[in-house]
Amino acid sequence: MVTYRMNLGKTGSQEIVVGVIGQPNVGKSTLFNLLTGRKVHVANWPGVTVEKHEGWREHHGYRLHFIDLPGIYGFSASTLEEVIARNFIVSGEADVLIVLIDSTAPERTMYLAIQALELFPRTIVVFTKSDLTHAHGIHINYEALANRLGVPVVSVSAVTETGIDRLLDLIIEVARGRIGRGKPLKIGYGELEPFISEVEEIAKRSSLSEDYPLRWLAVRLLEGDQELIRRLEKRGEKDIVKEVMRLRNEVINVFKRRPEEIMAQRRFEYLSKIVEGIVVRVEVKPGVYEWIDKVFAHPVIGSITSILLLVSLFIVVFTLNTGFPFNIILENLGYSGAAEYLEEYSLGGLMEKLIVLASGLVEGAVAGYPQWLQSLILDGVIGGVGAVLVFLPLIFLVALMLAILEDSGLSPRIAVSLHNLLSKIGISGHAVFPITLSLGCNVPAIMATRATPSYRERLRLITTLAFIPCQARLVVILAFASALRGLGSIAVIALSYLGAFLTFMLVNKALYIYDRKKGYAEEPELLLELPPIHKPIPKVIWWLTWDSVKHFLKKAGTIIFLVTLVAWALLYFSPSLSPAKELSESIGAGIAKLFAPLLIPLNMNDTQAWMMAYALIVGFLAKEAVVGTLALLAGTNTATDAIKTLGYSDPQIAALTMFIVLYVPCAATLAVVYSESRSFKTTLLTIALMLSIAYMVMIATYVIASLFI
Amino acid sequence: MAARPWTTLEALPPGSRARVVNINAPGRWSYRLLQMGFIPGAIIEIVVNNGVGPILVRIMGITISLGRGIARRILVEPI
Chain F
1 MVTYRMNLGK
11 TGSQEIVVGV
21 IGQPNVGKST
31 LFNLLTGRKV
41 HVANWPGVTV
51 EKHEGWREHH
61 GYRLHFIDLP
71 GIYGFSASTL
81 EEVIARNFIV
91 SGEADVLIVL
101 IDSTAPERTM
111 YLAIQALELF
121 PRTIVVFTKS
131 DLTHAHGIHI
141 NYEALANRLG
151 VPVVSVSAVT
161 ETGIDRLLDL
171 IIEVARGRIG
181 RGKPLKIGYG
191 ELEPFISEVE
201 EIAKRSSLSE
211 DYPLRWLAVR
221 LLEGDQELIR
231 RLEKRGEKDI
241 VKEVMRLRNE
251 VINVFKRRPE
261 EIMAQRRFEY
271 LSKIVEGIVV
281 RVEVKPGVYE
291 WIDKVFAHPV
301 IGSITSILLL
311 VSLFIVVFTL
321 NTGFPFNIIL
331 ENLGYSGAAE
341 YLEEYSLGGL
351 MEKLIVLASG
361 LVEGAVAGYP
371 QWLQSLILDG
381 VIGGVGAVLV
391 FLPLIFLVAL
401 MLAILEDSGL
411 SPRIAVSLHN
421 LLSKIGISGH
431 AVFPITLSLG
441 CNVPAIMATR
451 ATPSYRERLR
461 LITTLAFIPC
471 QARLVVILAF
481 ASALRGLGSI
491 AVIALSYLGA
501 FLTFMLVNKA
511 LYIYDRKKGY
521 AEEPELLLEL
531 PPIHKPIPKV
541 IWWLTWDSVK
551 HFLKKAGTII
561 FLVTLVAWAL
571 LYFSPSLSPA
581 KELSESIGAG
591 IAKLFAPLLI
601 PLNMNDTQAW
611 MMAYALIVGF
621 LAKEAVVGTL
631 ALLAGTNTAT
641 DAIKTLGYSD
651 PQIAALTMFI
661 VLYVPCAATL
671 AVVYSESRSF
681 KTTLLTIALM
691 LSIAYMVMIA
701 TYVIASLFI
Chain D
1 MAARPWTTLE
11 ALPPGSRARV
21 VNINAPGRWS
31 YRLLQMGFIP
41 GAIIEIVVNN
51 GVGPILVRIM
61 GITISLGRGI
71 ARRILVEPI
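Chain order of the listed sequences is F and D.
Okay, so the first sequence: first residue is 1 according to the numbering used here, each after it adds one.
Okay, so the second sequence: first residue is 1 according to the numbering used here, each after it adds one.
Worth flagging that the hints you see were computed from the coordinates, not collected in a lab.
All C-beta atoms, glycine included, are put in the ideal place defined by N, C-alpha and C.
Be careful, since some hints might not be right.
[What the hints assert, rightly or not] Covered by chain F, per the in silico footprint, the following chain D stretches (three or more residues, Cβ under 8 angstroms):
#1 25-33
#2 38-50
#3 56-64
#4 67-75
Extracted from the complex, chain F is given alone in its bound form:
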């Protein structure tokens, strides 16, 4: 019998909960954004740091509540994501499940759909990318497929938005029980059927049979499902585990093959019967872009191409942002007029003008306010947050670049091309995605290491990824480098990135050698799907970019704002809690002076030392706050002016930049290192590594730079 449950939504309309599931690369997030109109709420799945996206939409008087499930290949429970997805499905929370299938590769991507149907009957099968089927010479008879599967089938395109309305209608129909299956799909597993029946008899006695459909439970147990076995053991049902294992071994003895292999084969056989005569390929021509695959997979040309591509993308981003490095080149060629023009009308230059203009207006507006409030608004808010906001165009451009790499399908090609190089330092091509993400922000990068199949490799990455300079640090690097004249600024930026990547590689290599000595390191391995290369879809690029910009704005408005306020307050008040007459008598200065002696090797005067120490301490919480704090300390609009005003020497600037690049990026990164490694030791090791390496490199940079300048 069909049992379904509908809730009354907040708006009074009936709410239908819809789970959205699909294999990686089938276009799930694009469709999810389209379905929800991007009114999305992001939280974590209970107890884990996997993101849960939820969105809502009104349709024909119903409130559709979409829940985006992690992209997974199947329900084998070999990853956290697979466990989350299937536990959600069996929880009964969803009224309807929609399973996405890539129209351009239906035979493979339908595997998840039939596994979902084995578990949950109120399912709608959705073919995505229907605009591409013609180009691929694929014809699909959706109606015939719907008849064979017993569930509604619909084809949609996120590009042309065809089929979306039909899908929304179908969701309501299925939720109301008008169409669809009443019972889960039953696949015949041939020679394993007698074993499945036996496991069913055993599983009946288990408390787990209340949580899952019995046949599904039996099939999964026979497949050796690690998560179910763990749960049985936890509940003290060891005898059941033992009996299941006995049957599993019997299968292996009789057929000389593992049950999971036989079952996967039977499912694919079932699939090929289902699609027989329904999916017709007129022509199987290799992709237009197959030459791109060949270039990236080439052992020599591939890695060179990838590195050149990434470096040139960064140069384009820099040029658009500040005119750098072309302004310096023009200047040195004698075209200083053109260089200035380029600087002034770069995105960063325009943004700076805007902030100066805004601070002028605000200064006039607050003229009559009490002294402390004026200081709070002008120095604290405008000075601190403004100094960070100058970098909004930069954040935007880097996000845009990463979005293009991701949406076009170039990212995984780069992973393939760098696999060999990376495996020398003990990491695989899988690490390329987290590394590229790290250039934006370390936090999602560390979370993305989850796709790394080897546990030790993942742990090494979690410990070392923060060495890769994120955008926050890029902000500080640029602010410091801009205080240098001419080629010096290019040198410092180049040195920052080279130094950071070199440190990342050396530390990884060292940890890899250590792991190998201990005997728990495996050769880095690669198993990665390459989605077809395509021209980036502007809509999708915009979504990805905007998400990242929004994240930055939110951070600037909350964390950075708060940190700057605290930094301001600590500088405004003296230990007796009255306004400090001099900055150097403030609470903040008192704290900073405890740490200032650490900067003695850099030959700074007292003021330079404590002020920089203060900025660096604040930077421990959020790196962007370094620029705001410096501007606040020197009473300037930008950090670059602050550095000039405070009179740091060129070698000091170079050394401090290196320290900022390499020491702990922010409190949020440490939090995610802890939540992903679940180890206090790993987190402490990360902090110790970063601080000690950053400090040593800082002093070395200073000593070497002093010799040359």
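Dock chain D against chain F, hints included.
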């Protein structure tokens, strides 16, 4: 059809085709390979194999890159 000698996936030249005979990879890898369609009987086409570095194959309409260590765990019958 006469049986051809079996070999492992990483030994095949680009452009050649083979049928999967069996997979002998550790647990995690083997689940993922099965889900990606590397099941006995599936037909694989080698797209790129340069003798070093990852190989690229097409299986069930999808391009997948495999490290040589993983490819060595997949026993195939050339066709």
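Item to complete: Would you pick out the hints that fail for this structure and give their numbers low to high?
Response: Checked against the structure, no hint fails, so every one of them is satisfied.
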